[in-house]
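Student: Protein sequences appear in the order of chains L and V.
Mind the numbering: the first sequence is residues 35 to 251 in the working numbering, read in order.
Mind the numbering: the second sequence is residues 251 to 513 in the working numbering, read in order.
Please keep in mind that the hints were generated in silico from the structure rather than gathered at the bench.
All C-beta atoms, glycine included, are put in the ideal place defined by N, C-alpha and C.
A few of these clues could be false.
Claimed, not checked - Just a few of them, taken from the derived set where beta-carbon distance is under 7 Å, the chain V residues facing chain L:
hint, residue
1, L315
2, V318
3, T366
4, D405
5, D417
6, Q505
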Amino acid sequence: MSAVKSTHHERRLHPLPVRVMHWINAVAIFIMIGSGWKIYNDDVILGWLHFPDSIVIGKWAQYGLQWHFFGMWIFVLNGVAYLSYGIATGRFRQKLFPVSIRDILATVNDALHFRLAHDDLTHYNAVQKILYLGVMAVGVLIVISGLALWKPVQFSELAALFGSFQATRVVHFLCMAAIVGFLLVHISLALLVPQSLVAMVTGGPVVDDGAAPEIKR
Amino acid sequence: MSIRTRTPSLFRPRKSIDQGVLTRNRALVDGINRRNVLRGAVSLGALSLLTGCDVSEDDSVQKVLRAVSAWNDRVQAAIFRPHHLAPTYSASQVVKPPRFNAYYDIEEVKPIDGATWKLELAGRIDSKQPWTAHQIYQLPEQEIIIKHICVEGWDYIGQWSGPNLRDFLQRVGADLTAKYVYFICNDDYTESIDMATALHPQTILATKYAGAVLADPFGYPLRLRTSTKLGYKNAKWIKAIEVTNDFRETFWSKQGFNWFAGI
Chain L
35 MSAVKSTHHE
45 RRLHPLPVRV
55 MHWINAVAIF
65 IMIGSGWKIY
75 NDDVILGWLH
85 FPDSIVIGKW
95 AQYGLQWHFF
105 GMWIFVLNGV
115 AYLSYGIATG
125 RFRQKLFPVS
135 IRDILATVND
145 ALHFRLAHDD
155 LTHYNAVQKI
165 LYLGVMAVGV
175 LIVISGLALW
185 KPVQFSELAA
195 LFGSFQATRV
205 VHFLCMAAIV
215 GFLLVHISLA
225 LLVPQSLVAM
235 VTGGPVVDDG
245 AAPEIKR
Chain V
251 MSIRTRTPSL
261 FRPRKSIDQG
271 VLTRNRALVD
281 GINRRNVLRG
291 AVSLGALSLL
301 TGCDVSEDDS
311 VQKVLRAVSA
321 WNDRVQAAIF
331 RPHHLAPTYS
341 ASQVVKPPRF
351 NAYYDIEEVK
361 PIDGATWKLE
371 LAGRIDSKQP
381 WTAHQIYQLP
391 EQEIIIKHIC
401 VEGWDYIGQW
411 SGPNLRDFLQ
421 RVGADLTAKY
431 VYFICNDDYT
441 ESIDMATALH
451 PQTILATKYA
461 GAVLADPFGY
471 PLRLRTSTKL
481 GYKNAKWIKA
491 IEVTNDFRET
501 FWSKQGFNWF
511 AGI
């Protein structure tokens, strides 16, 4: 009668909290970029760059601002939860570290020779590791520069680190550009390797609880 | 097995439908073909694009966004540092003249006659006698060289002087425990600030820019200048000041801009 239960706790490649936070973040990023472009249009940094009305969020300035200062709560709260989870569970350490220069060169070499393997979703190559770590760092910087833009007087000590108000805007803008660049690569690759997209919805393959991820048959 | 006729629905008409209406409108019915429907749908889409139909304008969406904006007002009040000074700059960095901004163009500014202008006082204030420009220009002046930051993203350094607002409110016996200070302007503009901001050491009733009496486009004879708010909170051409506990929407907050607008 008594079934022997496996002592191993079965775990998916992307546990439920990661998937939920990933898609909340996707919505938040969409709101922040679209409304940010609307706010940017009112006083452009680059004379030649206006974002077309058809791709910004908010028809009028106040709507862009309303969305931005609504989305910021989702982006920041979800981002703090995600970073805390990644650190506390050891997921970052396991998936994103270590990154060695030699691995990066090897991955770039493989990519240039069209030898990049992506049949194993559970393993990130060195370039993926760098990109994920990089976009997280940019995510932190865009929040810090955003705080300095929102409250240059209340947080004048923080704002002073960026130099001037306009310099802070440029940093905030460049962070956005870096995230958009990341998204172009991230979304293209997710579409090229659809099982990675599916995995972010269903959880993906079951992985061993142990440190070395291995696909169970 | 018996064959039963279907029981007609209670709501089924006893008589068959009059087909006459179809024959009478034959031309119209023929006009309803797939291509026309498609064309109509496409131009409906084009119309919504042209008019810029925006989900933000939807009542329920506005309700949520404005509720968050009101929440943000409270957050900003909570993080406000009443004695923390904004960075100040040197006179050599001052931009002259200041940058003009209003909800209309500079040509449409209606200059005020300083000789007949009076500042009205209302609400929780002991002495409500109106002030003439002459009387206000006699008061001790404070000078601040601070950044003006516009919600649009631009900024410039300006040199403003005039009576400190806290001093002025004390002088007229205002209730400094009230919640808001309202400004009613000559151009039907309204603005209000929280009392903490009104009492901030860098909040003044500006009468001068770069040492000279304010020019007409910049608020002559009296305007607000505070170092802790976005540009639009700094009411120009003030004609009345009211101290009150009642919250009322202001010119820009009515249109969906954040009320607190702290920086």
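Student: Hint by hint, note whether the structure agrees.
Tutor: These are the hints, each one checked on the structure:
no., hint, result
1, L315, "holds (4 Å)"
2, V318, "holds (4 Å)"
3, T366, "violated (36 Å)"
4, D405, "holds (5 Å)"
5, D417, "violated (21 Å)"
6, Q505, "holds (6 Å)"
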